[in-house]
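Asks: Starting from the known structure of chain A, arrange chain B on it as the hints suggest.
Taken in sequence, the protein lines are chains A and B.
Take the first sequence: its letters are residues 1 to 305, numbered as in our numbering.
Take the second sequence: its letters are residues 1 to 305, numbered as in our numbering.
None of these hints come from the bench; they were simulated from the model.
Predicted model only: the values in this text are computed from it and were never measured.
Worth double-checking, as some hints may not be accurate.
What the hints assert, rightly or not - Here are the computed lysine to aspartate or glutamate pairs in the DMTMM-like style, where the Cα-Cα straight-line distance is at most 25 Å:
id, chain 1, residue 1, chain 2, residue 2
1, B, LYS150, A, ASP45
2, A, LYS150, B, ASP45
3, A, LYS150, A, ASP89
4, B, LYS150, B, ASP196
5, B, LYS150, B, GLU4
6, A, LYS150, A, GLU4
Unchecked claim - Take a look, some chain B residues computed to stay more than 12 Å from chain A by CB distance:
id, residue
7, LEU17
8, LEU35
9, ASP99
10, PRO228
Cβ atoms here follow ideal geometry from the backbone N, Cα and C, with glycine treated the same way.
There are 2 protein chains.
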Amino acid sequence: MQGEHFADALIARVRALGHPLCAGLDPHLALIPPLFRRGSMAPGDPRTAEAVESFLDAVVERLAGRVALVKPQSAFFEQLGWRGVRALDRLLARCRALDLLVLLDAKRGDIGSTAEGYARAYLSADAPLRADALTLNPYLGRDSLEPCLKEAGQAGAGVFVLLKTSNPGSRDVQDRPSEGAPVWEHVARSLAEPCDALVGPATGWSALGVVVGATFPAQAERARELLPRSLQLVPGYGAQGGGAADAVRGFVPGPAGREGGVVNSSRALLFPPEAATDRAAHWEAALDASLTAAIGDLASAIATA
Amino acid sequence: MQGEHFADALIARVRALGHPLCAGLDPHLALIPPLFRRGSMAPGDPRTAEAVESFLDAVVERLAGRVALVKPQSAFFEQLGWRGVRALDRLLARCRALDLLVLLDAKRGDIGSTAEGYARAYLSADAPLRADALTLNPYLGRDSLEPCLKEAGQAGAGVFVLLKTSNPGSRDVQDRPSEGAPVWEHVARSLAEPCDALVGPATGWSALGVVVGATFPAQAERARELLPRSLQLVPGYGAQGGGAADAVRGFVPGPAGREGGVVNSSRALLFPPEAATDRAAHWEAALDASLTAAIGDLASAIATA
Chain A
1 MQGEHFADAL IARVRALGHP LCAGLDPHLA LIPPLFRRGS MAPGDPRTAE AVESFLDAVV
61 ERLAGRVALV KPQSAFFEQL GWRGVRALDR LLARCRALDL LVLLDAKRGD IGSTAEGYAR
121 AYLSADAPLR ADALTLNPYL GRDSLEPCLK EAGQAGAGVF VLLKTSNPGS RDVQDRPSEG
181 APVWEHVARS LAEPCDALVG PATGWSALGV VVGATFPAQA ERARELLPRS LQLVPGYGAQ
241 GGGAADAVRG FVPGPAGREG GVVNSSRALL FPPEAATDRA AHWEAALDAS LTAAIGDLAS
301 AIATA
Chain B
1 MQGEHFADAL IARVRALGHP LCAGLDPHLA LIPPLFRRGS MAPGDPRTAE AVESFLDAVV
61 ERLAGRVALV KPQSAFFEQL GWRGVRALDR LLARCRALDL LVLLDAKRGD IGSTAEGYAR
121 AYLSADAPLR ADALTLNPYL GRDSLEPCLK EAGQAGAGVF VLLKTSNPGS RDVQDRPSEG
181 APVWEHVARS LAEPCDALVG PATGWSALGV VVGATFPAQA ERARELLPRS LQLVPGYGAQ
241 GGGAADAVRG FVPGPAGREG GVVNSSRALL FPPEAATDRA AHWEAALDAS LTAAIGDLAS
301 AIATA
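Okay, chain A solo, but in the shape it has when bound (with noise of 0.2 Å):
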């Protein structure tokens, strides 16, 4: 989607499709099904990443045409080392040509010159893992996120600030009660004007977008009262316990449905108990039923909610 705005692109897809699943793409070496499996599968072994290549190249094949977006987790690629990241830098060169949105999760944060070189990494159009959005950590503040803002506005991609995350511990820093409001409500608060600044001509929806959890739907609403423009990206839907009609009740009425950001699932929709196995149209079948399942639960959620 070189060159087109971000949130524009994105909710084009959603609404063509019908629903607003994010499919998370975190390839867990002790998950990853015996059809794909090299070698001793350990994270320093260089069959590994070409396991979570054949992997993820089957799986994204699957997803193409079906949803809006994929989120490759960083750390599972990271944790290969080069080769890893090497891996992602295939998956997304895959995605693309796939047609498939990809939003990196690294939640990338730092100041000056080195945020500028997280923008350069993944965000500028000759960025050498050029994702088409990008989660950032807010804890260094405001100036912190410059880089990546101007990037963003530059090259047409998006970002998504953490404001409240899914974990139980997220109260810790995040829920401060601060001057009336906890810690993220002041955050989102300071993302107004940058938000308004990044709005798409076709949508309306801004390429600035913010993480609330689906375990936190008040927080979800509250954050759209903050920043009516922003699309939230939901994790914490499925294996981390949260149902679909809270995913998405920081949503809003729109042409086909509700819509207003996406919903990740990445273990329960990536490894169902029915994909581990050996046989490729075993495989395949059991992925797709996931899916269909995962969608299916999300275009009724937006269809009622």
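Replies: Just chain B now, with coordinates in the frame of chain A:
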């Protein structure tokens, strides 16, 4: 130092050398001296990673035996794609061979199995990109730090958790007032227990360190009160404007001068104007002079502060 306790190993070296300088390895592409440049020096050009490798090989050769710790900044490698991460891999091996301790500045932070992925990538005994220590971002809460703390305990590695960073924007989240104290102090309090659990047998310093910018000396003193056994990583000395006396304000009297952390210099140390040359002897002299100046400055500060 595989197996040895990180803080014990680091402080033993700092005492022997008589200064707390940490050499930040931030290979700014635009600043790499003519002597080492290859090809276009664009991030996507494969020769750029080779240039970075040859530059850093020469740098760590000069640092060996003179500094206790080097701090590669992950973004500068990631911006070169997988070839940059391979350059980081080779740098880590080179530093091990030269007996230089390595703190990887990656500011990672995530939850559950993803946080475990980062621990496996950088801290575990068989990590493909094993460093002696890693910087962590605490925005996702105490549970997000657990996997790396656990790995630090098992592998003898260290972590440095961001408290109060050196940039102006650090006020936005870190200084937010909450129940009588800024957010960063609450983060510090939440680290007291794991900090004590990771104290080294030889020195009493903990493998759980913290980050406090040289630009905020009063906060460094406060962090020392809250976490008496945490080593402080102090960025922002030199190029960012913090002086040596301010940089060691969180240090305490020790057997060889004030101790309790390391002070990082990146750009001012690696790229003095005189080093912009294509003559090897000139470059070596310029780097040595820059190193000698920083060492002298910090050695005085711990002797007199």
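Asks: Against each hint, give a clear statement of whether it holds in the structure.
Replies: Consistency of the hints with the structure:
1. Restraint check for LYS150 of chain B and ASP45 of chain A: satisfied, since their Cα atoms lie roughly 23 Å apart, inside the 25 Å limit.
2. With a C-alpha separation of about 23 Å, the suggested pairing of LYS150 of chain A with ASP45 of chain B holds against the 25 Å cut-off.
3. Among the hinted pairs, LYS150 of chain A with ASP89 of chain A is consistent with the structure: their alpha-carbon atoms are about 23 Å apart, no more than 25 Å.
4. Our distance criterion of 25 Å between C-alpha atoms is met by LYS150 of chain B and ASP196 of chain B, whose separation comes to about 13 Å.
5. Distance check on the hinted pair: LYS150 of chain B and GLU4 of chain B sit about 15 Å apart at the alpha-carbon level, within 25 Å; holds.
6. Distance restraint check for LYS150 of chain A and GLU4 of chain A: the Cα-Cα separation of roughly 15 Å lies within the 25 Å cut-off, and the hinted pair is therefore satisfied.
7. Once the 12 Å rule is applied to beta carbons, LEU17 of chain B is consistent with being away from chain A; the minimum gap is 26 Å.
8. For LEU35 of chain B, the shortest C-beta to C-beta distance to chain A comes to about 22 Å, beyond the 12 Å cut-off, and the non-interface label holds.
9. Listed as outside the interface, ASP99 of chain B is consistent with that label: its C-beta sits roughly 22 Å from the nearest C-beta of chain A, beyond the 12 Å cut-off.
10. PRO228 of chain B, annotated as away from the interface, keeps every beta carbon of chain A farther than 12 Å; the closest lies near 22 Å.
In this structure, none of the earlier numbered hints is contradicted; all agree with it.
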